[in-house]
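S.K.: As given, the protein sequences belong to chains E and A, one line each in that order. Number 185 in this note's numbering belongs to position 185 of the first sequence; there are no gaps in the numbering. Offset between the second sequence (1-based) and this note's numbering: plus 424.
No wet-lab data here; the hints were simulated from the structure. Errors might be hidden in some of the hints.
[Unchecked claim] Label pairs and their computed distance ranges (CB to CB): (1) A:729 with E:414: 46 to 56 Å; (2) A:794 with E:348: 23 to 33 Å; (3) E:63 with A:794: 16 to 26 Å; (4) E:310 with A:616: 25 to 35 Å; (5) A:631 with E:394: 27 to 37 Å; (6) A:641 with E:34: 36 to 46 Å; (7) E:374 with A:623: 29 to 39 Å; (8) A:631 with E:381: 50 to 60 Å; (9) E:96 with A:575: 25 to 35 Å; (10) E:37 with A:616: 28 to 38 Å; (11) E:79 with A:680: 56 to 66 Å; (12) E:358 with A:794: 36 to 46 Å; (13) A:695 with E:310: 29 to 39 Å.
Just so you know, even glycine gets a beta-carbon here, dropped at the ideal spot from N, CA and C.
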Amino acid sequence: MKELLDKIVLERLGHDPATWPLTQGVYLAAMLLVAVLLVTFGAVFAGIVSWWERRVAGRMQSRIGPNRVGPGGFLQWIADALKLILKEDLIPDESDKVLFRLAPYFVIVGFLLTFVVLPFGYHLSATNMNVGLFYVVSITALVVVGILISGWASNSKWALFGGIRAAAQVVSYEIPAGLVILVPIMMAGSLNMHDIIRAQGGNPWNWFMFQTPMGFAAFFVLFTSLLAEGNRTPFDLPEAESEIVAGYNTEYSGMRFAYFFLAEWGNLWVMSAILTTLFLGGWQVPFLDSRLRMWEAAGPGNVPAWFYLLSAGVFALKTLILVNVVIWIRWTFPRIRVDQMMSLCWKYLVPIAMGLVVLTAVNELVSFQIWGPKAQEPVGLSHPRGWIHFAWFAVGGLLPLVAFAMKTRRNIALTGDRVDLTNW
Amino acid sequence: MSLDQLTITRVGDRVEHADQGEMVLNMGPQHPSTHGVINFVVHADGEVMKRAIPQVGYLHRAIEKIGEIVTYNGFMPYTDRVDYLAAMFANEGYAIAVEKLMGLQVPPRAQYLRAISCELNRIASHLVSIGTMAMDIGAVTPFPYALRERESINDLIEALCGARLTYNYHRIGGVAFDMPDDWIPLCRKWLDHFDKTLDEWDRLISRNEIFVQRLAGLAVVPAAMAIDYGLVGPNLRASGVDFDLRRDHPYGAYADFKFEVPIGKGYAGARAGGKVGDSYDRFYCRVLECRESVRITRQACDKLPGGEFMAKVPKKIRPEAWSEAQSRIEAARGEMAYYVVSDGGERPYRVRARTGSYLAMGIIEDLSRGLMIADLVALIASLDVVAPEIDR
């Protein structure tokens with residue numbers, strides 16, 4: 001970003017960026033533009049995914065879902081947003097009014113700030129922070145502050161239950177999440193989001209998820225922890241509607257209520273993007289690894305524009321697949337109980353995450369002793385490392401896929417279900 | 425508001441003081457999962473409940489009193505409202521009581537039609553029960569699956585009697601209408617479909633690990649306790665008490681059918697900590713009862729006799745003065761009893777209904793001690809209480 005802006009100041013405006021006094025202004029304008037873009041992206045994505053989730057849930061539950069507003073009900077989220085903006089912003093008499101008003105902003109800010117470092121494609125991210133992952137882990141903690149404040153400030157027992165549950169849950173699950181991201185960090189040797197992506201390859205057997213069994217297990221530990229941090233089923237205890245009405249947002253209405261849900265649905269993108277970055281190769285395009293390196297070696301400006309778009313498309317595709325998995329889980333699983341949630345975290349996930357970190361460290365050391373430092377580009381089948389990666393990909397990636405397909409086929413055959421999109 | 429007001433709970437004549445540090449939580453009467461207008465006063469220490477005191481009466485409509493001011497036949501539509509999820513049983517129980525009072529003989533075809541309609545209604549009622557139970561545990565998807573099947577039952581019953589919820593189908597002396605000519609093939613087709621659906625249901629939710637873990641070993645009711653509290657129906661059988669009026673004291677056409685009576689066996693499995701009489705048993709007994717009801721309906725369709733569907737009933741029903749009769753039937757929520765006294769007039773002197781949900785409410789306070797708030801929801805759902813049946 002900085003290089004790009006410097007180039008614009010130098011070539012288009014004809015000033016030396018180091019000495020021109022208005023360089024700061026250009027920087028600021030560009031940052032504001034990016035901020036508006038990112039906030040819009042987060043909000044629009046949350047809106048669209050709210051429509052999409054209801055449609056998917058409808059299909060899963062043999063009903064239709066919203067299909068009145070716009071084609072396939074697509075504009076439903078705009079109608080909902082409009083309704084929520086126009087609704088009265090009700091503030092309970094007995095609530096702590098300042099904190100009550102403040103809480104949604106903590107949630108929405110904590111969610112939106114993660115977009116500062118999230119990658120969207122090749123060289124596409126607001127900043128290229130060298131501690132990007134660390135930044136994400138710390139900034140998402142703001143969300144739980146907002147939830148806790150909303151639970152307390154509402155002065156409602158249901159909201160208090162929700163807030164306390166959220167605090168217990170999110171704080172607990174940040175520990176296995178924080179531990180297990182050390183696995184890809186050690187494998188890549190960097191905290192920078194783009195560096196972690198570059199350390200993987202475009203092909204699935206070069207993704208961190210399939211490079212080692214530890215990466216495979218770490219993916220699921222992080223996935224579970226992020227589900228819990230995002231309050232998604234089966235960890236939706238803080239807003240369990242059958243137990244504590246609506247949890248921390250029981251007393252909220254109008255736009256403040258919408259902020260909570262904006263953050264929750266937008267968080268689907270954040271968690272999926274983090275998982276994609278750390279374990280699924282990020283924006284790397286399959287079979288173009290060596291081509292990309294050729295372009296880069298030829299000097300700056302040699303990477304074609306279509307590659308930027310293609311990498312963004314690949315990243316979005318992987319992320320959206322994960323988003324759909326999360327939606328699928330939500331509409332399949334029951335909710336776990338508070339004590340089960342705690343024991344899952346402290347008795348299983350934390351020790352497993354710890355073990356994975358140790359095993360990964362040992363593995364990295366041993367392979368360093370045998371084969372020396374890692375090559376710059378992902379290894380192919382010409383190297384023993386590549387063979388190990390590929391073998392594990394076959395076991396951890398292809399076998400579960402085949403088993404899943406066979407089971408799905410059996411289930412469909414047994415009940416005579418059929419795909420019917422006629423009433424879409 | 426003073427602290428005292430916050431910590432004292434008055435339920436009827438009872439006064440309960442919450443201990444220091446306990447939170448008094450009013451769950452209901454408007455709460456998503458109290459299954460109707462019921463209130464639970466929960467004394468909680470964090471997530472753990474000290475006690476949950478059920479408070480009933482919000483839906484009391486004096487149905488029994490209404491019975492004293494309408495004619496014998498005129499009370500029949502009111503019985504629908506005793507249990508809106510299983511109206512056939514309330515119809516049948518009242519009809520049998522009045523028939524006993526009059527010494528009426530119900531034609532065999534009417535008895536079979538009663539059995540068929542009741543068993544379909546039992547499946548429909550159990551589907552709502554197990555569906556809402558899954559929903560209370562947080563799984564929303566099984567609920568529409570259950571309701572989809574219930575809609576098919578509603579279609580079948582609508583073809584039979586024109587109504588989908590409050591049927592008013594059983595009448596004193598028989599049933600209101602004979603079945604349409606093409607009804608039996610329709611019913612058979614749906615029964616074949618429903619067998620597969622139950623397998624799908626097991627894969628979808630009954631064997632879901634989280635679901636089993638939530639319910640296994642939760643709120644165990646030993647057989648002796650179940651009998652002491654007067655639990656009836658699936659709640660009683662889930663505790664391992666092998667008692668079913670349809671088999672042990674057959675009424676109507678039930679002596680002609682062969683069926684099993686599912687009892688609780690710790691279906692959740694030892695690994696998950698399942699015990700006889702836990703919430704999972706209560707859930708799974710209902711699933712198994714659906715299978716048995718399918719069997720009974722099939723047999724009734726096979727054996728359906730011809731003839732009249734209504735006995736000869738005098739236009740004005742005036743049973744002998746100061747005679748009384750009682751009926752017991754196995755309703756969806758367990759044994760339902762009707763007690764009717766005649767004073768020789770056109771109206772009953774007294775009508776009394778005894779229902780399963782009211783008895784189940786009584787055990788909740790004892791079971792709730794030490795459970796978590798999330799478990800209370802599962803416990804209420806597993807006992808399958810329905811608010812109008814509690815209060816009438």
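S.K.: That 46 to 56 Å hint for residue 729 (chain A) and residue 414 (chain E) (C-beta), does it hold up?
M.R.: Given a distance of about 36 Å, which is not inside 46 to 56 Å, the answer is violated.
S.K.: Between the beta carbons of residue 310 (chain E) and residue 616 (chain A), is the distance compatible with 25 to 35 Å?
M.R.: violated, 52 Å
S.K.: Falls inside 56 to 66 Å, the C-beta gap from residue 79 (chain E) to residue 680 (chain A)?
M.R.: holds, 57 Å
S.K.: Can you tell me whether the CB distance of residue 63 (chain E) to residue 794 (chain A) sits inside 16 to 26 Å?
M.R.: Violated, at about 39 Å.
S.K.: Should the hint that residue 96 (chain E) and residue 575 (chain A) are 25 to 35 Å apart at their CB atoms be regarded as holding?
M.R.: The hinted range 25 to 35 Å is violated for residue 96 (chain E) and residue 575 (chain A), with Cβ atoms some 47 Å apart.
S.K.: So does residue 631 (chain A) sit 50 to 60 Å from residue 381 (chain E), Cβ to Cβ?
M.R.: violated, 42 Å
S.K.: Does the hinted range 29 to 39 Å hold for residue 695 (chain A) and residue 310 (chain E) at CB?
M.R.: The hinted range 29 to 39 Å is violated for residue 695 (chain A) and residue 310 (chain E), with Cβ atoms some 49 Å apart.
S.K.: Can you let me know if the beta-carbon spacing of residue 37 (chain E) and residue 616 (chain A) is within 28 to 38 Å?
M.R.: Taking Cβ atoms as reference, residue 37 (chain E) and residue 616 (chain A) lie about 57 Å apart, which means the hint is violated.
S.K.: So does residue 794 (chain A) sit 23 to 33 Å from residue 348 (chain E), Cβ to Cβ?
M.R.: For residue 348 (chain E) against residue 794 (chain A), whose Cβ atoms are near 25 Å apart, the range 23 to 33 Å holds.
S.K.: Given a hinted range of 29 to 39 Å, is it respected by the beta-carbon distance of residue 374 (chain E) and residue 623 (chain A)?
M.R.: Taking Cβ atoms as reference, residue 374 (chain E) and residue 623 (chain A) lie about 51 Å apart, which means the hint is violated.
S.K.: Does the Cβ pair residue 641 (chain A), residue 34 (chain E) satisfy 36 to 46 Å?
M.R.: Violated: the Cβ-Cβ distance is about 54 Å, outside 36 to 46 Å.
S.K.: Regarding residue 631 (chain A) and residue 394 (chain E), is the given constraint of 27 to 37 Å on their beta-carbon distance met?
M.R.: holds, 30 Å
Against the hints set out earlier in the document, violations occur for numbers 1, 3, 4, 6, 7, 8, 9, 10, 13.
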